[in-house]
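*Asks:* Chains as they are written, first to last, in numbering that gives the first Met the number 0: chain A, 0 to 266; chain D, 0 to 244.
Just so you know, the hints here were simulated from the structure itself, not pulled from any lab data. Fair warning: there could be bad hints in the mix.
[To be verified] Capping the alpha-carbon separation at 20 angstroms, the derived lysine to aspartate or glutamate pairs in EDC-like fashion look like this:
| id | chain 1 | residue 1 | chain 2 | residue 2 |
| --- | --- | --- | --- | --- |
| 1 | A | 13 | A | 71 |
| 2 | D | 102 | A | 90 |
| 3 | D | 28 | A | 95 |
| 4 | D | 127 | A | 95 |
| 5 | A | 156 | D | 80 |
| 6 | A | 44 | D | 106 |
| 7 | D | 127 | A | 119 |
| 8 | A | 73 | D | 114 |
| 9 | D | 127 | A | 205 |
| 10 | A | 112 | A | 90 |
| 11 | A | 107 | D | 21 |
| 12 | A | 58 | D | 120 |
| 13 | A | 156 | A | 119 |
| 14 | A | 44 | D | 114 |
| 15 | D | 127 | A | 234 |
| 16 | A | 156 | D | 216 |
| 17 | A | 73 | D | 117 |
| 18 | A | 44 | D | 162 |
None of these values were measured; they are calculated from a predicted model.
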Amino acid sequence: MIEFNDIKKGFGEKIVLDGVSHVMETGKTNLIIGTSGSGKTVLQKCLVGLFEPDDGEIKYDGLSFTDMTEEERKQLRQQIGMLFQGSALFDSLTVEENVKFPLNMFTKDSHSKKIQRVNEVLERVNLVGVNKKFPSEISGGMKKRVGIARAIVLNPKYLFCDEPNSGLDPQTSMVIDKLIRELTLEYNITTVINTHDMNSVMEIGDNILYMVEGKKEWTGNSEDIIFSKNKKLNEFIFASQFLQDAKDMRMMQASGDIGVTDAEKIK
Amino acid sequence: MKFFNHFGRYLLLIKGMFSKPENAKVYWKEFMHQCNDIGVGSLGIVSIISVFMGAVSAVQTAYQLTSPLIAPSTIAQIVRDTVILEFAPTLVSIVLAGVVGSKIASELGNMRVSEQIDALEIMGINTKSYLVMPKVVAALVTIPMLVIIAMVLGIWGGRLAGDASGILSTYTYDRGLNENFMPYNVTFALIKSYTFAFIISTIPAYYGYYVKGGALEIGRSSTTAVVVSCVLILLADYALAALLL
């Protein structure tokens, strides 16, 4: 569980985070959503320590991250995996070497044991036969999966994903979302996802934090979104007529005005 | 004000390099990789420059020493001393600032922009130590070696050109090389090469590590790194000459 209270962060005159508080739950996919410039990336970077908040407290399973020494943070970070927007794979290393890198750095396992673990996680993210390829030789979706494999290779307790679906087609996005969801449940990880993708919000949003101009605007899950009366949230989530219609249909379905089979027919 | 800001951050980068490695074996591998990139990778260009710089200085010195009162072996002495004192350490370092410096700055800049440095930080790795220190140590090990090679090749280039153009025989050249030789000159050249190696590795590392933006900024920081390194090499060259000679 990651808990943060009253997080404030500014750059010069500009206040990016203005007292955000929330709890990211273990074994759930916790989503941070919001328009561009709402502060979600800065919040995520504060949570992992890439930015230092101006004020507020961050706790990882009760341990104050804000008060930790650099050495204590280094220890904690070995329990954190992160998938970056651009995957952030080391381009001079092969897929296998990329995934093996954290093992080389932090374990004293034998080479064969490391390779076994690398193959295990690559298989888990459905990547087989690409071990010797370089990041430039694989597709965007594959890069994301290698990024996930590298993030989970040390069995982390916390997984952060920054825009995991950016630049991917809807089908591949679904595969990545499903994979993140499965891994979260399988390893009981606290997963924090920063996203714009409405499919992700509806499909894997167990615990959603919606941010507007650096402040918490709304929290809930994907079901709650449908029935939310929050105007800003509705404008953001159901921006297109298509999504608005889908929402109306779900609401009618829930209120009994339209049956499941009718809804299927409309689909 | 901007200067102090840069200088402060540069010092923090240097300070950040000195921390206990997470895994000494991985650091050693990275150090060897950098030795290969910086040292072996620059050997070709250093060799070509050195031979020609020695050859040209032999021919041009002979052109200026027209007096029959000056012994031809003096040409060898002048070539030897200019190559050891100035050409090998300074000229080679300026070339290396371009070759090695731009590579270091663009490599780290690209890693910064593509979030690879952030990825390392998240893993709990001290990026200043892992990414910068092996480069600096490799430069401190290999650049003085390159300078020594440049000295030998430069003097040999002068010998070759002197003989080929009929200015002085190899026997006279070799005799000249042994006259009035001051071993301190080599020590001085090595002190210079260590100083320049530090500049060549740390300044581009600083500009690459802190780059912000995209491809354009990486190019810009690379150019700035090379320019600043060259200026600092020249300033250090003068300062060391004034202090140690």
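*Asks:* Against the earlier hints, flag every one the structure doesn't satisfy and list their numbers going up.
*Replies:* 1, 4, 5, 6, 7, 9, 10, 15, 16, 18
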